[in-house]
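Asker: Working from the sequences, and respecting the hints, build out all of it.
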Amino acid sequence: MISKYLSSLEDISTFGIIGLVIFFGIFILLLVWVIKLDKNYLAKMENLPLENQIENNHKTENKNEIE
Amino acid sequence: MQVEKFSYDNQIVKQFTIAALVFGIVGMLVGLILAIQLYMPELNLGLQYITFGRIRPLHTNAVIFAFVGNIIFAGVYYSLQRVCKTRMFSGLLSQIHFWGWQTIIVLAALSLPLGITTGKEYAELEWPIDLMIAVVWLTFGANMFGTIIKRREKHMYVAIWFYIATFVTITILHVVNSIEIPVSLIKSYPIYAGVQDALTQWWYGHNAVAFFLTTPYLGLMYYFLPKAANRPVYSYRLSILHFWALIFLYIWAGPHHLLYTALPDWAQSLGTVFSVMLIAPSWGGMLNGLLTLRGAWDRVRDNPILKFMVVAVTAYGMSTFEGPMLSLKNFNAITHYTDWTIAHAHIGALGWNGFLSFGLLYWLIPKMWGTELYSKKLANLHFWVGTLGIVFYAIPLYWAGLTQSLMWKQFTPLGILQYPNFLETVLQIIPMYILRSIGGLLYFAGIFLCVYNLMKTAKLGTFIKNEEAEAAPYIKEKDQMKRGLIHRWLEKRPAQFALLALVVVLIGGLVELIPTYLVKSNIPTIASVKPYTPLELQGRDIYIREGCNTCHSQMVRPFRSETERYGEYSKVGEFVYDHPFLWGSKRTGPDLHREGGKYSNLWHYLHFEDPRQMSPGSIMPPYPWLFTQSIDTSITPAKINVMRSIGVPYEQGYEDFANQDLMKQANIIADDLLNNGVPTEPDKEVIALIAYLQRLGTDIKGNQTVNK
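Chains as they are written, first to last, in the working numbering: chain A, 2 to 68; chain B, 846 to 1553.
Check before you lean on any hint, since a few could be wrong.
To be verified - Derived, one-sided and incomplete: chain A residues facing chain B with beta-carbon distance under 8 Å:
| no. | residue |
| --- | --- |
| 1 | I19 |
| 2 | G20 |
| 3 | F24 |
| 4 | I27 |
| 5 | L31 |
| 6 | V35 |
| 7 | L43 |
| 8 | M46 |
| 9 | P50 |
| 10 | L51 |
Unchecked claim - Covered, in the sense of this in silico footprint (three residues per stretch, anywhere, with C-beta under 8 Å from a C-beta of chain A), are these stretches of chain B:
| no. | segment |
| --- | --- |
| 11 | 922-935 |
| 12 | 993-1006 |
| 13 | 1069-1080 |
| 14 | 1093-1100 |
| 15 | 1344-1357 |
Hint data in this document are derived by calculation from the structure and do not stem from the laboratory. From a predicted model like this one, the values you see are computed outputs, not experimental measurements. Where a beta carbon is used, it is the ideal one built from N, C-alpha and C, also for glycine.
Answerer: Structure follows, in structure tokens:
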């Protein structure tokens, strides 16, 4: 059934155009999202992997002292 | 707020790390052997199990799925726990995942040299192993999502997004590309044929590079690079853009592996356009990585970890620029099927994946053993040996690729090929092959420095099996931040996030694949194209078993230089019964699509006995085992049945007569050989392989003739 529907498409090359339009649509939407992101949130996320480091370094030091 | 005490599981990270190094050494050793076999084919010691065609997939599978795969898992298990501030969801699932994955690797290492292969690049493993991969991969996914769900950190760091996209996409790719019908425990045929199989395979192949070698490593980069540099990522905004644009675009670009082939034009153009667009997010990511080091470049000078990472990220930028260039049709016309592709792939593999792995290991091992790196000097030495290795590997191959391609295309003023003998173009680049193997050797030597240094490091410290940590529990509360609600809503919810990632990658996949699957007009049928005879089918399976397609393409492109050399260019309709397609991606030897009828049976016989007696200087190894091993006729009926079930029009009941036809055709070839002075038993494998080669490309040769 789907195959009938698809073969009725006259020019298959429209698929490329459709793809391009979808992509640019999503991309613009994304851009708006990203620009509107909250600064506090960004700062928090940027430092997320580093938070542990401080704890870990601390621990490592303690550990070395114990040993 | 009350903080909870818990611990991170380092044991699983350690296991994956060790596995990665062990299999990394094996995989690179096999690569080195292959590189030397290219100018010294006798290095196979006359053994079929370590002949080029069989161990080339062993090398690619080992370095991609065993080395890189295990590094991915080590890195994910380490970073995921920490950015989620929780222990892995299930230690049992972690162990099932680890041992399952290693079992798959061992099975691959056994089955590929035995010639058990589907013949599809980077998806060579046969169906029982495919099933295992699916189960183990889903185990990994369950464990990962379980961990994300029980996290103590409200938001998912960008690395986790890359991990989720990796999981979702690899699942789809693996399932769709592995749909095959078993003939026996060790043999299957894909349900797709010819151009459909090619498109599916390269949709898979390209995105395996994207979602196994790239997205998980980007996730690792976004975690480990800031850690190693001890500063936050340059721009979190950019990483969001990088992520969504990358996963959306990548999936469309697969057809650029099939430019100028019989693939429909619109699909080729689509592949090119999206490949060029890919530069933007790829370079966004690269810059984000490099700029993370802003103001800390002085540290790169004396920190080998950062050195490795900087070169890795730079190599990522280089190969993601080169990739789109290679997908421009005019450039691709010159580089495709040559060693240029191999050089390109290795900039990514040795530079991006290899060096990021080493950087990560030099950072990770001291951390997990609670100590400092044993020797910075050794790590620096490793860095330089590895970098030199990459240079010595890649430059000769770029040179070789370009040289050979130009020789293929060179005409004399009279309009005939200047180098009509393919072998001449091979002999020209042998010195480059020798240099390349030296580059490979240097890189290979580097990994031993790494292993030694890491073992010494581990001895200095004590392994912290369970790393204590504490964090406040994740309490659902109203978001205090005002702007960008949609995205933050999304990244707090792993399931919805995975679903959206799935939709994003599916759009490209579906637009690319569905039309080719369903629209009849995309596959012009040619009335004179008939299914293979049982003997040819058996011969074709021997061709697949020996990995002939790793060195010989079966796709004559519509260029005068190719039609002059090989004959009429290949048409889509000629491949409709090819399960799987065997177009190949590299011409170490000449194209074989119009091989049928070009030489006598005797020529092929003598050529298999020792290629050098027909083509002095040939780098193809002899295949003596084809003369002693018999065709497995017990499986012929099953093969016919399976082929019929996937659309090859063998008549009902033909399976009962197939072996009679097989013997009839085999006797004709054996008689011909006998008349020419080489008595051969008709049931030997060489007979089937000759039958297949003599059939190749002859379906439309009769009326649209080619002379050679």
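Asker: Now look at each hint and say whether the structure bears it out.
Answerer: Consistency of the hints with the structure:
1. I19: 7 Å, holds
2. G20: 5 Å, holds
3. F24: 6 Å, holds
4. I27: 6 Å, holds
5. L31: 5 Å, holds
6. V35: This hint holds: V35/A lies near chain B, its Cβ roughly 5 Å from the closest one there, short of 8 Å.
7. L43: Holds - the Cβ of L43/A comes within 8 Å of chain B, reaching about 5 Å at its closest.
8. M46: 5 Å, holds
9. P50: 5 Å, holds
10. L51: At 6 Å from the nearest chain B Cβ, L51/A passes the 8 Å test, so the hint holds.
11. 922-935: Result for this restraint: holds, n = 4.
12. 993-1006: holds (count 5)
13. 1069-1080: holds (count 6)
14. 1093-1100: Since three or more residues must qualify, the claim that chain A covers the segment 1093-1100 of chain B holds, with 3 doing so at under 8 Å.
15. 1344-1357: Since 4 is at least three, the answer is holds.
Of the numbered hints listed earlier, not one is contradicted by the structure.
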